[in-house]
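Number of protein chains: 2
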Amino acid sequence: MITERVPVVEKIFGANDRLAADNHARLEAAGVFSLNFMASPGAGKTSLIEQTVRHLSGQLRLAVVDGDIATSLDADRAAAAGAVAVQINTGGDCHLDAAMLQSALDELDLSVIDLLIVENVGNLVCPANFSLGTHKSVLVASVPEGDDKPYKYPGAYRGVQALVINKIDLLPYVNFDMEYFQRGASALNPGLATIPVSCRTGDGLDAWLEWVVEQVSTNGRGHEIRRI
Amino acid sequence: MITERVPVVEKIFGANDRLAADNHARLEAAGVFSLNFMASPGAGKTSLIEQTVRHLSGQLRLAVVDGDIATSLDADRAAAAGAVAVQINTGGDCHLDAAMLQSALDELDLSVIDLLIVENVGNLVCPANFSLGTHKSVLVASVPEGDDKPYKYPGAYRGVQALVINKIDLLPYVNFDMEYFQRGASALNPGLATIPVSCRTGDGLDAWLEWVVEQVSTNGRGHEIRRI
Numbered sequence: 000m001i002t003e004r005v006p007v008v009e010k011i012f013g014a015n016d017r018l019a020a021d022n023h024a025r026l027e028a029a030g031v032f033s034l035n036f037m038a039s040p041g042a043g044k045t046s047l048i049e050q051t052v053r054h055l056s057g058q059l060r061l062a063v064v065d066g067d068i069a070t071s072l073d074a075d076r077a078a079a080a081g082a083v084a085v086q087i088n089t090g091g092d093c094h095l096d097a098a099m100l101q102s103a104l105d106e107l108d109l110s111v112i113d114l115l116i117v118e119n120v121g122n123l124v125c126p127a128n129f130s131l132g133t134h135k136s137v138l139v140a141s142v143p144e145g146d147d148k149p150y151k152y153p154g155a156y157r158g159v160q161a162l163v164i165n166k167i168d169l170l171p172y173v174n175f176d177m178e179y180f181q182r183g184a185s186a187l188n189p190g191l192a193t194i195p196v197s198c199r200t201g202d203g204l205d206a207w208l209e210w211v212v213e214q215v216s217t218n219g220r221g222h223e224i225r226r227i
Numbered sequence: 000m001i002t003e004r005v006p007v008v009e010k011i012f013g014a015n016d017r018l019a020a021d022n023h024a025r026l027e028a029a030g031v032f033s034l035n036f037m038a039s040p041g042a043g044k045t046s047l048i049e050q051t052v053r054h055l056s057g058q059l060r061l062a063v064v065d066g067d068i069a070t071s072l073d074a075d076r077a078a079a080a081g082a083v084a085v086q087i088n089t090g091g092d093c094h095l096d097a098a099m100l101q102s103a104l105d106e107l108d109l110s111v112i113d114l115l116i117v118e119n120v121g122n123l124v125c126p127a128n129f130s131l132g133t134h135k136s137v138l139v140a141s142v143p144e145g146d147d148k149p150y151k152y153p154g155a156y157r158g159v160q161a162l163v164i165n166k167i168d169l170l171p172y173v174n175f176d177m178e179y180f181q182r183g184a185s186a187l188n189p190g191l192a193t194i195p196v197s198c199r200t201g202d203g204l205d206a207w208l209e210w211v212v213e214q215v216s217t218n219g220r221g222h223e224i225r226r227i
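Chains as they are written, first to last, in numbering that gives the first Met the number 0: chain H, 0 to 227; chain W, 0 to 227.
These aren't lab readings, by the way, just hints derived from the structure by calculation.
One or more of the hints may lead you astray.
[Claimed, not checked] Beta-carbon label-pair distances, calculated as ranges:
{"hint": "1", "chain 1": "H", "residue 1": "GLY90", "chain 2": "W", "residue 2": "PRO189", "range": "39 to 49 Å"}
{"hint": "2", "chain 1": "W", "residue 1": "THR200", "chain 2": "H", "residue 2": "GLY90", "range": "33 to 43 Å"}
{"hint": "3", "chain 1": "W", "residue 1": "ASP105", "chain 2": "H", "residue 2": "ASP176", "range": "29 to 39 Å"}
{"hint": "4", "chain 1": "W", "residue 1": "THR200", "chain 2": "H", "residue 2": "VAL111", "range": "31 to 41 Å"}
{"hint": "5", "chain 1": "H", "residue 1": "ASN218", "chain 2": "W", "residue 2": "ALA14", "range": "26 to 36 Å"}
{"hint": "6", "chain 1": "W", "residue 1": "ARG17", "chain 2": "H", "residue 2": "VAL212", "range": "51 to 61 Å"}
{"hint": "7", "chain 1": "W", "residue 1": "ALA28", "chain 2": "H", "residue 2": "ARG25", "range": "54 to 64 Å"}
{"hint": "8", "chain 1": "H", "residue 1": "GLU178", "chain 2": "W", "residue 2": "GLY190", "range": "43 to 53 Å"}
{"hint": "9", "chain 1": "W", "residue 1": "ASP176", "chain 2": "H", "residue 2": "GLY201", "range": "13 to 23 Å"}
{"hint": "10", "chain 1": "H", "residue 1": "ARG25", "chain 2": "W", "residue 2": "ARG220", "range": "49 to 59 Å"}
{"hint": "11", "chain 1": "H", "residue 1": "ALA29", "chain 2": "W", "residue 2": "ARG17", "range": "45 to 55 Å"}
{"hint": "12", "chain 1": "H", "residue 1": "ASP176", "chain 2": "W", "residue 2": "GLU106", "range": "25 to 35 Å"}
[Claimed, not checked] Output of the computed footprint for chain H on chain W, the stretches with three or more beta carbons under 8 Å from beta carbons of chain H:
{"hint": "13", "stretch": "64-70"}
{"hint": "14", "stretch": "113-126"}
{"hint": "15", "stretch": "143-154"}
[What the hints assert, rightly or not] For the chain W half of the interface with chain H, some residues (derived, Cβ under 8 Å), not all of them:
{"hint": "16", "residue": "LEU18"}
{"hint": "17", "residue": "SER39"}
{"hint": "18", "residue": "GLY57"}
{"hint": "19", "residue": "GLY81"}
{"hint": "20", "residue": "GLY90"}
{"hint": "21", "residue": "CYS93"}
{"hint": "22", "residue": "LYS166"}
{"hint": "23", "residue": "PHE175"}
Quick reminder that beta carbons are idealized off the backbone N, C-alpha and C, glycines included.
Chain H on its own, in the form it takes in the complex (with noise of 0.2 Å):
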């Protein structure tokens, strides 16, 4: 008798990632931008879709497609203030993975769209490990949180391209020191954009805004792109 090693975790990580590789021909094909919001829960992901929404439906036609385990009260929120949203209910998955975003982009007419927002299930580990397909990934850090949170979950930190810093209203209320935050975060992921915010006040929310809309118009390559 042959017994063989079956590297099912292997299998499970190729599956998904030959599906985000689609996903994302087909956002580049349809001229979409699109970025994967992470977080722990409750760190503001949603208010910043919203602030996000709020600000840039002049200049931009924007979705948000929103996974949770259950209830659609994010995707309300990302509708009322304005984005075509659609609601993921995984059920009691931890994470979004790339099937799930290819069931949600059935729901979308791409050709309208030109920055697709997806907010992932609260979580500060098992998102960081399912790419969707999407251009860029986004950590939402909240202070108060704490300010430990880079080393004691390294894997967020290292595979986002910015980190929002939320709720730094909050500062003089917790014990949150900055620079240890920061320092954490720059050992795991250096040069990354690092933008604190208040999504309460709207302290913050300028320079955030200007970063997605550089990202948008240069397709997350740092140069404009020309669409012919």
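Since the structure of chain H is provided, determine the placement of chain W on it from the hints.
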């Protein structure tokens, strides 16, 4: 060719449940009462454990097992507060499982412990799916996470025996409707012991400590146990 369904998930949970039962029997035999703390990253599990150790180490012999992706920051804090502490680094895994707790129990002299606190990985989804063999589970929520969390993460609220609502000192600075939050939690888990606290100011800690001491003295059964 015969194709058979391979119940992989079932097998994983089955093996975990058997190990959890072993852990439980071992704790019972040694007269150790045990609590499994779960929460989002940054809700304040470690701060609550620090306070618990500081206040109760005069009357109970405490040990803490800390689960984290990386670092021994949490176990260091529990040890500094006065507990025997063991750190489990999951190396990427998003939850503790019964086998990890079994390894940690091997590191402890259970005969000199009254209360074992297990701090799970910060994650509002996955830990709820893996029994460890502890007597009761405590969910630590926090005010800045937002009042919609019971609705969006129902699994985390369903299987616990106590809910601590931490960071109530931040209530004046954030939008948090306590009645809406508690209605969501009660719908999922009627009669759940709910204790609002601030680990920062100490507000509410008396009620929490009273709950813990009652659990230990009655072995979680609501009546006195006599050790003959």
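Each hint, compared with the structure:
1. A hinted range of 39 to 49 Å for the beta carbons of GLY90 (chain H) and PRO189 (chain W) is inconsistent with their spacing of about 23 Å.
2. The beta-carbon spacing between THR200 (chain W) and GLY90 (chain H), approximately 39 Å, falls within the hinted interval of 33 to 43 Å.
3. A hinted range of 29 to 39 Å holds for the C-beta pair ASP105 (chain W) and ASP176 (chain H), which are about 36 Å apart.
4. Between THR200 (chain W) and VAL111 (chain H) the beta carbons are some 51 Å apart, a value that contradicts the proposed interval 31 to 41 Å.
5. As the Cβ distance of ASN218 (chain H) to ALA14 (chain W) is approximately 47 Å, the hint placing it in 26 to 36 Å is violated.
6. The supplied range of 51 to 61 Å is met by ARG17 (chain W) and VAL212 (chain H), whose beta-carbon atoms lie about 55 Å from each other.
7. A hinted range of 54 to 64 Å holds for the C-beta pair ALA28 (chain W) and ARG25 (chain H), which are about 58 Å apart.
8. Between GLU178 (chain H) and GLY190 (chain W) the beta carbon distance is about 45 Å. The supplied range of 43 to 53 Å therefore holds.
9. Look at ASP176 (chain W) against GLY201 (chain H): about 22 Å separates their beta carbons, and that is inside 13 to 23 Å.
10. Evaluation of the 49 to 59 Å hint for ARG25 (chain H) and ARG220 (chain W) yields a pass: the beta carbon distance comes to about 57 Å.
11. Checked against the given bound of 45 to 55 Å, the beta carbons of ALA29 (chain H) and ARG17 (chain W), roughly 50 Å apart, stay inside it.
12. One distance hint, 25 to 35 Å for the beta-carbon pair ASP176 (chain H) and GLU106 (chain W), holds here, with the actual separation near 31 Å.
13. A stretch counts as covered by a chain when three or more of its residues have a beta carbon under 8 Å from one of that chain; for the stretch 64-70 of chain W and chain H the count is 4, and the coverage holds.
14. Counting residues of the stretch 113-126 of chain W whose CB lies closer than 8 Å to any CB of chain H gives 6, so the stated coverage by that chain holds, three being the minimum.
15. For the stretch 143-154 of chain W, the stated coverage by chain H is satisfied: 10 residues place a CB nearer than 8 Å to a CB of that chain, which reaches the threshold of 3.
16. A distance limit of 8 Å between C-beta atoms decides the matter here; for LEU18 (chain W) the minimum to chain H is near 20 Å, and the interface restraint is violated.
17. At about 4 Å, the closest approach between the beta carbon of SER39 (chain W) and any beta carbon in chain H falls short of 8 Å, and the interface hint on this residue holds.
18. Against a cut-off of 8 Å between C-beta atoms, the interface hint on GLY57 (chain W) is violated, since the closest Cβ of chain H lies about 26 Å away.
19. Evaluation of the GLY81 (chain W) hint against chain H yields a violated restraint, the C-beta minimum of about 20 Å exceeding 8 Å.
20. Annotation: GLY90 (chain W) was flagged as interfacial toward chain H, and the flag is violated, the nearest CB pair being 10 Å apart, outside 8 Å.
21. Annotation: interface hint on CYS93 (chain W) holds; nearest CB of chain H at approximately 4 Å, less than 8 Å.
22. Given hint, LYS166 (chain W) at the interface with chain H, holds; its Cβ is 7 Å from that chain's nearest Cβ, closer than 8 Å.
23. For the restraint placing PHE175 (chain W) at the interface with chain H, the shortest Cβ-Cβ distance is roughly 10 Å, beyond the 8 Å limit, so the hint is violated.
Going through the hint list in order, the structure does not satisfy hints 1, 4, 5, 16, 18, 19, 20, 23.
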